[in-house]
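**Q** Sequence:
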Amino acid sequence: MTTKERYARVIDYFMSTRPDAAPELKYSTPFELLVAVILSAQCTDKRVNMVTPELFRRFPTAHKMADADVEDIYNLIKSVSYPNSKTSHLIKMSQTLCENFGGEVPHEREDLETLPGVGRKTANVIASVLFNKPYIAVDTHVFRVANRIGLTNNSKTPIETEHILEKNIPKHLCNLAHHWLILHGRYVCVARKPKCEECGLTEVCKSHTQTRQNKN
Numbered sequence: 005m006t007t008k009e010r011y012a013r014v015i016d017y018f019m020s021t022r023p024d025a026a027p028e029l030k031y032s033t034p035f036e037l038l039v040a041v042i043l044s045a046q047c048t049d050k051r052v053n054m055v056t057p058e059l060f061r062r063f064p065t066a067h068k069m070a071d072a073d074v075e076d077i078y079n080l081i082k083s084v085s086y087p088n089s090k091t092s093h094l095i096k097m098s099q100t101l102c103e104n105f106g107g108e109v110p111h112e113r114e115d116l117e118t119l120p121g122v123g124r125k126t127a128n129v130i131a132s133v134l135f136n137k138p139y140i141a142v143d144t145h146v147f148r149v150a151n152r153i154g155l156t157n158n159s160k161t162p163i164e165t166e167h168i169l170e171k172n173i174p175k176h177l178c179n180l181a182h183h184w185l186i187l188h189g190r191y192v193c194v195a196r197k198p199k200c201e202e203c204g205l206t207e208v209c210k211s212h213t214q215t216r217q218n219k220n
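Numbered per my numbering, the sequence shown finishes at 220, counting up by one with no gaps.
Bear in mind the hints are in silico, worked out from the structure with no lab data behind them. Note that CB positions come from ideal geometry on N, CA and C, so glycine has one too. Certain hints may be false.
Label-pair distances were calculated between CB atoms; the ranges are [claimed, not checked]:
| id | residue 1 | residue 2 | range |
| --- | --- | --- | --- |
| 1 | 74 | 53 | 18 to 26 Å |
| 2 | 176 | 219 | 38 to 46 Å |
| 3 | 106 | 138 | 37 to 45 Å |
| 4 | 176 | 96 | 30 to 38 Å |
| 5 | 158 | 57 | 24 to 32 Å |
Please model the entire structure based on the sequences and the hints provided.
**A** Next up, the structure:
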């Protein structure tokens, strides 16, 4: 099977099974999504969604959060991973938004990456979800699934994976494909014991094929 054929099969599968894939983080404004994505680093979306309602009620805008006390933010998010560093990032990110962007979330990846707590993955998520940029954010799920299926040929870094995926997936599907791969990795192609019996991609999956051959 050629790379082009594998991508075509994978895209067809997800288009039929997850045509409306979307973020599981709950938000209502660009600022809220940015905050939620920062909080989601090495933390589950479920946990983030538990703390953000009160956080957003108390600090709904960058201007409000920029003036927040460290203790207030910390107490609201202390159940997520790395609450100390994330508290600092949220306040400094909000201050930078106010100082450099009038309190509004910028559209361009390069501008997003100037914000404290925002790396390339987070910038890609925001630019893709909010502004329909043809980017694929590579987290641990996307990295794992892409390598297992064979969409990437044992890529070594997230940035390498990102470039390969964006090269082979049509631009108008990149933001959707990001969610396809995340959700597949979160619920089916899980890290320790992938649920191959529930997966509709086993026929095109390099990892599954190799495992089957080894057993035989």
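**Q** All hints, please: hold or fail.
**A** Right, here's what the structure says about each hint:
1. 74 <-> 53: 18 to 26 Å: Taking Cβ atoms as reference, residue 74 and residue 53 lie about 23 Å apart, which means the hint holds.
2. 176 <-> 219: 38 to 46 Å: 39 Å Cβ-Cβ, so the 38 to 46 Å window holds.
3. 106 <-> 138: 37 to 45 Å: Hint violated: Cβ distance 26 Å, outside 37 to 45 Å.
4. 176 <-> 96: 30 to 38 Å: 35 Å, holds
5. 158 <-> 57: 24 to 32 Å: Between residue 158 and residue 57, where Cβ atoms are some 41 Å apart, the hint is violated.
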